[in-house]
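*Asks:* Each chain, written out:
There are 2 protein chains.
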Amino acid sequence: MNIKQAAEKFELTTDTLRYYERIGLIPPVTRNESGYRDYSEIDLNWVSFIKCMREAGVSVESLIEYVSLFQEGADSITTRKEILIDQRNELVEKIRVMQETLAKLDEKIEGYEENMLAFQTEKLANHDE
Amino acid sequence: MNIKQAAEKFELTTDTLRYYERIGLIPPVTRNESGYRDYSEIDLNWVSFIKCMREAGVSVESLIEYVSLFQEGADSITTRKEILIDQRNELVEKIRVMQETLAKLDEKIEGYEENMLAFQTEKLANHDE
DNA sequence: TCTTGCCTTGAAGTGAACTTCAAGGTGTAG
DNA sequence: CTACACCTTGAAGTTCACTTCAAGGCAAGA
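Going down the list, the sequences are from chains A and B. Just so we're aligned, residue 1 is where the first sequence starts under the working numbering, counting upward by one. Just so we're aligned, residue 1001 is where the second sequence starts under the working numbering, counting upward by one.
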């Protein structure tokens, strides 16, 4: 699969795919005789994994570390697992914060509904807790 | 409350507070005789709200729009409510994506545990789905 | 009065994560 | 054989959200 198809598959641009590879966010991609990228199943799985982690807000930096450890071989298994666990914990925390914000936002929207029904004025709206 | 105390209260820097005000992310803050900022209860509630929304990843841009509509007065109530609802929906979607990623991450960590028990090699790890 | 530690502004600088540009190579259809 | 749509690289540019800098004003203690 060429870079254009890979980009379409993951809704990324070809530039982003090349960028990811250049900075080591994904391991070097398989090439054909002309030096063109030809994404293998494994290459595509890397893209899939990285895209997923990026969408969840995992930093490029820690993903680069993970990928580079992966390329170092089996000795790095423990370290790699630790990185994943750290990222997992950060993710859990982020989800918690967002759920709290969601609750506050819902309250604020509630407040607007009440205000609109009661024809109340601006100042009373709901910005004082 | 001066800017330093306000910054401490919300674990922001004084520079960030000034920046937020300058770009219209919070309405103009109350000043004392010397022109120094003196955060009122209402000013602090704005900071609290904005900090919360920013932590949840709501863009500076849409918050500026919200704040500027607020300053326009009661006519903008409907529009402001719509902005909050849009942001709420985006937040729900972000939480969904993150929960999916969390599940994948947990699977991958599982995979590492199995691998480590079985003394399996790198290649078999778990990067192929 | 001088030092110290606040505060002010406008402007320039930073870091992260892409994105775009320039210059050129490859491959197939007409 | 040439047009066209791909592909390549390295380098420079962009956007977002701050952060730092420069130059100076205000206030209280030694």
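Any given hint could turn out to be false.
Claimed, not checked - No more than 25 Å apart at the CA atoms, straight line, and that leaves these computed lysine to any residue pairs for SDA-like:
#, chain 1, residue 1, chain 2, residue 2
1, B, LYS1104, A, ASN89
2, A, LYS108, A, SER76
3, B, LYS1051, B, LYS1104
4, A, LYS51, A, SER76
5, B, LYS1104, A, ILE64
6, B, LYS1094, A, SER59
7, A, LYS108, B, PHE1070
8, B, LYS1108, A, GLY57
9, A, LYS104, B, LEU1012
10, A, LYS81, B, ASN1115
11, A, LYS94, B, ARG1054
12, B, LYS1094, A, GLU11
13, A, LYS104, B, LEU1084
14, A, LYS94, B, ILE1083
15, A, LYS81, B, ILE1095
16, A, LYS9, B, ASN1002
17, B, LYS1051, B, ASN1002
18, B, LYS1081, A, LYS51
19, B, LYS1104, A, THR78
20, A, LYS104, B, GLY1057
Hints in this document: simulated from the structure, not taken from any laboratory. Bear in mind that the values here come from a model prediction, so they are computed numbers and not experimental data.
*Asks:* All the hints need checking, so say for each whether the structure fits it.
*Replies:* Hints versus structure:
1. A C-alpha spacing of about 13 Å is found between LYS1104/B and ASN89/A, which places the hinted pair at or below 25 Å, so the restraint holds.
2. At most 25 Å may separate the alpha-carbon atoms for a hinted pair to count; LYS108/A and SER76/A exceed this at roughly 48 Å.
3. Taking the CA atoms of LYS1051/B and LYS1104/B, the gap is about 30 Å. The hint is violated against a cut of 25 Å.
4. The straight-line distance between the Cα atoms of LYS51/A and SER76/A is roughly 22 Å, inside the 25 Å bound, and the hint therefore holds.
5. A threshold of 25 Å between alpha carbons decides the hint, and for LYS1104/B with ILE64/A the separation of about 18 Å falls inside it, so the pair holds.
6. Simply put, LYS1094/B and SER59/A have alpha-carbon atoms about 16 Å apart, close enough for the 25 Å limit, and the pair holds.
7. Using a Cα cut-off of 25 Å, the hinted pair LYS108/A and PHE1070/B holds, with the two alpha carbons roughly 14 Å apart.
8. A C-alpha spacing of about 17 Å is found between LYS1108/B and GLY57/A, which places the hinted pair at or below 25 Å, so the restraint holds.
9. With a CA separation close to 20 Å, the supplied pair LYS104/A and LEU1012/B stays within the 25 Å bound.
10. Using a Cα cut-off of 25 Å, the hinted pair LYS81/A and ASN1115/B holds, with the two alpha carbons roughly 11 Å apart.
11. For the hint pairing LYS94/A with ARG1054/B, the CA-to-CA distance comes to about 12 Å; that is within 25 Å, so the pair holds.
12. For the proposed pair LYS1094/B and GLU11/A, the alpha carbon gap of about 17 Å is at most 25 Å, so the pair holds.
13. Note on LYS104/A and LEU1084/B: the hinted pairing holds, with a Cα-Cα distance of about 11 Å set against a maximum of 25 Å.
14. Pair hint LYS94/A plus ILE1083/B holds up; C-alpha atoms about 22 Å apart against a cutoff of 25 Å.
15. Under the criterion of a C-alpha separation no larger than 25 Å, the hint pairing LYS81/A with ILE1095/B is consistent with the structure, at around 24 Å.
16. This hinted pair does not check out: LYS9/A and ASN1002/B have alpha carbons roughly 53 Å apart, beyond 25 Å.
17. About 18 Å separates the Cα atoms of LYS1051/B and ASN1002/B, which keeps this hinted pair within 25 Å; it holds.
18. For the given pair, LYS1081/B sits about 33 Å from LYS51/A by alpha-carbon distance, which is inconsistent with the 25 Å threshold.
19. Taken as a hint, the LYS1104/B and THR78/A pair is honoured in the structure, with Cα atoms around 19 Å apart against an allowance of 25 Å.
20. The straight-line distance between the Cα atoms of LYS104/A and GLY1057/B is roughly 14 Å, inside the 25 Å bound, and the hint therefore holds.
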